[in-house]
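K.L.:
All chains should be built: construct the whole structure from the sequences, respecting the hints.
Residue numbers (the numbering used here), protein chains in the order written: chain A, 5 to 214; chain B, 190 to 378.
DSSO-like cross-link-like pairs, simulated, lysine-lysine; straight-line CA separation at most 27 Å:
1. B:K194 - A:K32
2. B:K260 - A:K104
3. A:K28 - B:K307
4. A:K29 - B:K248
5. A:K117 - B:K215
6. A:K32 - B:K334
7. B:K215 - A:K32
8. A:K29 - B:K315
9. B:K336 - A:K28
10. A:K10 - B:K355
11. A:K32 - B:K276
12. A:K10 - B:K276
13. B:K336 - A:K10
14. A:K117 - B:K194
15. A:K29 - B:K251
16. B:K251 - A:K28
17. A:K32 - B:K326
18. A:K117 - B:K208
19. A:K28 - B:K208
20. B:K343 - A:K28
Since the hints were derived computationally from the structure, they do not count as laboratory data.
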Amino acid sequence: MSNERKLDRQLEEEFASDVLDLRKKLDKIQSSEALVEKDNTKGSGKTLKLIFISLAVAASFALVSMLLPQLFTTSSTGEIYASNYEPYPMALNQRGDAEKILNDAIAAYISQKYQVAADAFTELYSQNEDALYLLYAGNAYQASEQYNKALTAYDQVINSADARVVEQAQWYKGLTLLKLNRIDEVQKLFNEFEETHYKYDEAMNILAKL
Amino acid sequence: MKAGKNTYYLEGIANRDSKVISEIYKDILPGIISWIRQNGGQEDDAKDLFQEMIVSIYKKLKAGEFELTCKFWSYALVVCRNLWFAKIRKTDRISYVEQVDDDRVEISPGMQEEIEQKEQLKLYRKHFQALSESCQKVLSLFFAKVKMAEIAEKMDSSEGYIKKKKFKCKEELVNKIKADPLFAELTEI
Numbered sequence: 005m006s007n008e009r010k011l012d013r014q015l016e017e018e019f020a021s022d023v024l025d026l027r028k029k030l031d032k033i034q035s036s037e038a039l040v041e042k043d044n045t046k047g048s049g050k051t052l053k054l055i056f057i058s059l060a061v062a063a064s065f066a067l068v069s070m071l072l073p074q075l076f077t078t079s080s081t082g083e084i085y086a087s088n089y090e091p092y093p094m095a096l097n098q099r100g101d102a103e104k105i106l107n108d109a110i111a112a113y114i115s116q117k118y119q120v121a122a123d124a125f126t127e128l129y130s131q132n133e134d135a136l137y138l139l140y141a142g143n144a145y146q147a148s149e150q151y152n153k154a155l156t157a158y159d160q161v162i163n164s165a166d167a168r169v170v171e172q173a174q175w176y177k178g179l180t181l182l183k184l185n186r187i188d189e190v191q192k193l194f195n196e197f198e199e200t201h202y203k204y205d206e207a208m209n210i211l212a213k214l
Numbered sequence: 190m191k192a193g194k195n196t197y198y199l200e201g202i203a204n205r206d207s208k209v210i211s212e213i214y215k216d217i218l219p220g221i222i223s224w225i226r227q228n229g230g231q232e233d234d235a236k237d238l239f240q241e242m243i244v245s246i247y248k249k250l251k252a253g254e255f256e257l258t259c260k261f262w263s264y265a266l267v268v269c270r271n272l273w274f275a276k277i278r279k280t281d282r283i284s285y286v287e288q289v290d291d292d293r294v295e296i297s298p299g300m301q302e303e304i305e306q307k308e309q310l311k312l313y314r315k316h317f318q319a320l321s322e323s324c325q326k327v328l329s330l331f332f333a334k335v336k337m338a339e340i341a342e343k344m345d346s347s348e349g350y351i352k353k354k355k356f357k358c359k360e361e362l363v364n365k366i367k368a369d370p371l372f373a374e375l376t377e378i
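P.N.:
Here it is in structure tokens:
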């Protein structure tokens with residue numbers, strides 16, 4: 005097809021009134037989703053304001069004020085966790101038909117079917133003891149809020165001493181402990197990070213907030 | 190059930206039904222955002238790719254050239270994944286046939302190529318939006334194959350005037366696009 009004809013066809017397809025109408029609708033749907041997110045943020049802002057007001061009132065009572073540090077700690081660890089936790093990125097590629105379990109595990113992980121992914125990666129680990137699979141299993145457990153199972157998996161990865169994944173397991177173990185509010189253990193673990201650790205800055209940042 | 194959901198989605202896209210399209214966004218987009226984030230992108234990148242995919246499916250449906258033989262989710266994942274790899278220039282990872290769960294996903298190279306023309310379309314949109322409102326209206330109706338007489342009626346004008354207007358507007362649009370240095374760059378690819 006000549007360039008002129010191609011351009012004509014592209015313009016015709018892109019700027020037909022029905023396509024423009026569709027794009028307008030898609031923009032609206034996307035921005036309304038963004039608005040919902042903004043509203044949520046507003047909502048959480050309001051919630052925070054209310055918490056602060058309540059705390060200010062409560063502070064006038066000696067007994068309640070004794071509990072304030074604990075209240076602050078509980079709320080801030082949740083926030084710190086939320087702002088630092090993202091499931092470990094999927095770096096594995098789909099393989100041939102012969103590796104169905106692996107392909108299924110990758111697909112489940114990507115599509116956030118974390119329980120399925122956790123089972124599949126645990127199965128893969130039991131077959132060949134590759135700690136990378138266990139790291140993904142741990143992450144899948146963590147993402148599905150099965151924190152103790154996640155910790156067990158991360159400890160196994162750390163004990164494996166597999167240099168490819170030990171640091172990742174340490175980082176996610178720390179976050180899991182944070183989620184469980186096991187502050188002393190988080191502090192101990194993150195304080196052991198060396199400056200070369202891939203999450204050194206993030207870990208120090210968290211320690212500064214605890 | 191798979192076919193039922195697919196048909197529901199595709200009919201919704203073909204009819205530009207906001208309610209169904211919103212459902213598609215709610216059902217499918219979060220998984221795409223998650224994947225893009227895990228692979229170095231942002232939420233806006235995912236939304237951008239997703240919108241291009243929907244528009245592209247619409248165009249193909251309109252031309253009677255689209256058939257979905259797998260779950261919509263699997264298809265969306267593979268298309269957006271390929272688009273993302275193309276964007277970050279990992280072209281060696283692009284695949285037209287892939288397995289997602291129990292689904293065999295086939296992407297036609299034509300479809301892929303069309304969506305990959307995203308940068309060109311962005312350029313065209315920039316110049317189209319710079320046209321006067323009346324030019325945009327005449328051209329969009331003309332491109333939608335609305336008859337000149339009908340356009341004239343809609344715009345409260347004569348058919349002769351609309352014909353001239355359409356010619357001038359299209360000429361202006363094409364000239365602006367061709368004069369843009371980015372156009373030469375993109376068409377060389």
